[in-house]
Amino acid sequence: MSKFTRRGLIKTSATVGAGLAMPTFITSPLAAYTNAPTGGSVTLGFNVPQSGPYADEGADELRAYKLAVEHLNGGGDGGMMNTFSSKALKGNGILGKKVEYVTGDTQTKSDAARASAKSMIEKDGAVMITGGSSSGVAIAVQGLCQEAGVIFMAGLTHSNDTTGKDKKANGFRHFFNGYMSGAALAPVLEARYGKDRNAYHLTADYTWGWTQQESIQAATEAKGWNTVNNVLTPLATTDFSSYVAPVLNSGADVLVLNHYGGNMINSLTSAVQFGLRDKVVNNKNFEIVVPLYSRLMARGAGENVKGIFGSTNWHWSLSDEGTKAFVKSFGTKYGFPPSQAAHTTYVQTLLYADACERAGTFNPCGVGEALEGFKFDGMGNGPTEYRAEDHQCFKDVLVVKGKENPTSEFDVLEVVEITPRSQVEYAVDHPMFAGGALGKCNPGA
Amino acid sequence: MDAILLQILNGLDKGSAYALIALGLTLIFGTLGVVNFAHGALFMLGAFCAVSLQKLMSVSKITIDPSQLDFLGNPLKVKTPYIVEWFGPNVGNVIIDWNVPLSIIVAIPVMLSIGYIMERGLIKHFYKRPHADQILVTFGLAIVIQELVKANYGANPIPTPAPDQFVGSFNVGALIGLDASYPYWRLIYFAFSAVIISAVFAFLRFTTFGMVVRAGMADRETVGLLGINIDRRFTIMFGIAAAVAGLAGVMYTPINSPNYHMGMDFLVLSFVVVVVGGMGSLPGAVLAGFLLGILESFASMNEVKGFFEMLYLPSIDQIIIYLVAIIVLLTRPRGLMGKAGVMEE
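Top line first, the protein sequences correspond to chains A and B. For the first sequence, the working numbering begins at 5 and goes up steadily by one. For the second sequence, the working numbering begins at 9 and goes up steadily by one.
Hints are computed from structural coordinates only; laboratory data are not their basis. Only true hints are included.
Have a look at the derived ranges for each label pair, beta carbon to beta carbon:
id, chain 1, residue 1, chain 2, residue 2, range
1, A, A392, B, P97, 57 to 65 Å
2, B, E311, A, P191, 29 to 37 Å
3, A, V432, B, N160, 45 to 53 Å
4, A, V432, B, H139, 53 to 61 Å
Only some residues are given here: those of chain A computed to face chain B with a beta carbon under 7 Å:
id, residue
5, A59
6, D60
7, P238
8, S245
9, S246
10, Y247
11, A249
12, N253
13, I269
14, N270
15, Q277
16, G279
17, G306
18, G335
19, P341
Since this is a predicted model, take the numbers as computed values, not measurements. Beta carbons are placed, not taken as given, at the ideal position from N, Cα and C, and that holds for glycine.
So that you can see chain A by itself, here it is in the shape it has in the complex (with noise of 0.2 Å):
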């Protein structure tokens, strides 16, 4: 006797139905991208160094993301979305879903930092992952996200290789880079030093050291300086008196230390224990530059960095209505005023957040569509934009100089020079740049 019921077809072609639909619910438009939110809410992954030299760092871009997530669904003053030029920001979340927020620790090692990207994007369904301290992280996780399909919006990453040849599809980075650091850094420094210079390059041995460095080297040559010598130094160097003591004798006059973080401060103390700042080669006061300053370093290094020149993407005594926003949101909330790195993920997170609403999709590639080329003001930079070739934003960079009298602990670098961004601008294809392609965007899923 068959044992065919009525109950039995039922059950078993809601069975076979509910089989042959899977296929098609995860093939859905819905999820036609990697991590496509589903719910009420959208997840972004904060991958930034919470442990390891660079941390402090790390912690000021995690307060500035709180921030951004905190403004992006309606709380607190708004910061820079009252100033932003684009509107598209309604306080509402993006697309009306509520933000919500994964952070992972970089530990600022490539492979932890991909690790965690990883986990962020797989296990947490992060739609966008943003974060980083240092290039080498930075171009890593950047190669990841291009393979994993979602946008990564760079941090503190200043190597001319991350939008350079390692540049990536679905990889935006605002802050500014070696380059740019050079191109604003020779004019001062040909200004306040002369033509007729020395220079002797103390260089951390990795990615960031090595493009900055040719590109300070370029800058100055440029303008009629002579380079001695370019000595490499390992990233893990903690005492530099064996690289400082053969600068005294080298006949250079001017020491440019491409070194940053913890580097930066024991080299350039190092450099003002041997008491090269005191001293007169070739009749010239012997100066010290350092090309790349960060707030957080130059209070680390204490008196020494009084007087030194260098650059920076942002700091927060620029008197534009943006940065009065973000460094009175900030300032409330946390008690002292944000660092460069705050900034600059600050900004980026609100970026990835309007490119999101004038698209209409958390798509990457409609996303990166709305990020190429777009041109925006009133985030602190004046006005900005992200240049579509490389997803590099061109904006005027900042030449500082470490306080003489500074009023505050905070107050330790003065803006000399705000260079026009006409000045520290290149070709897509310029020498430093070369190699590497965007490729696709890559939505992944």
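Starting from the known structure of chain A, fit chain B onto it as the hints suggest.
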């Protein structure tokens, strides 16, 4: 010649720190037979004694000055350290300026106690366990201490300058007809470590306590059978070793601003120093410390780097110490001054 003199001085300076840490490591290994991977953390804790005292001395009275504004446009909170309030600006500021030398006084009892507590609280439970267990537990302890320091003081280096009188450099070369200026504080660091090293040796050589300790190092069981409580003396030696590392850390702060992982930076090299010097040999540790310090300095000279690059050995400055360690251990497996029977059972 000037450059060579400078690199010798640099080497002696680096060597001072290596020697002081390695001396403590050897003392602990020689007395308690423990391989102490937390020794770098003790060096770091010493440095943070100076940082803490600096913080303590800058505890300030806050007054609101409506005539000045802070970065948010609110009336400025002016901070005046209590020390300046109490002693007046002249004396108060000098006390604050002399923070690092004053920290020595604070660091000695603090580090002795930390060493004592560490030994009684944790290390003593691992005497009879294999060396691998000791390494794991002390390494774990080092990480815990590091993270605690980071949680309280942040990850960035904290400037802890030397007194104003010792800022700047002294032309050492002029004494022998050369031109080579060397920072005052680094010269002081070298002299200071020479004094500490001599004091430790004198203590072990010329005091009854030292004699008992040395006897215990040679034959613990017999000394015990003679009715001497050798364990207690060894605990004190652990405290002394911790204090030596701590003092090395305090005095190091003006050279490089301290941060939470400075101990780890020195630990690995100090172990190489101990092994090259010969496990358990105090003079060996000191000798190897200075030797490797000088070698490291010379290896970072451009001429030397260039020469090794021609031999297809780039970045010689990073590997020289390990290279020399391999050569020494291949030719003298017990290290430069190692004795038979140590770590060989």
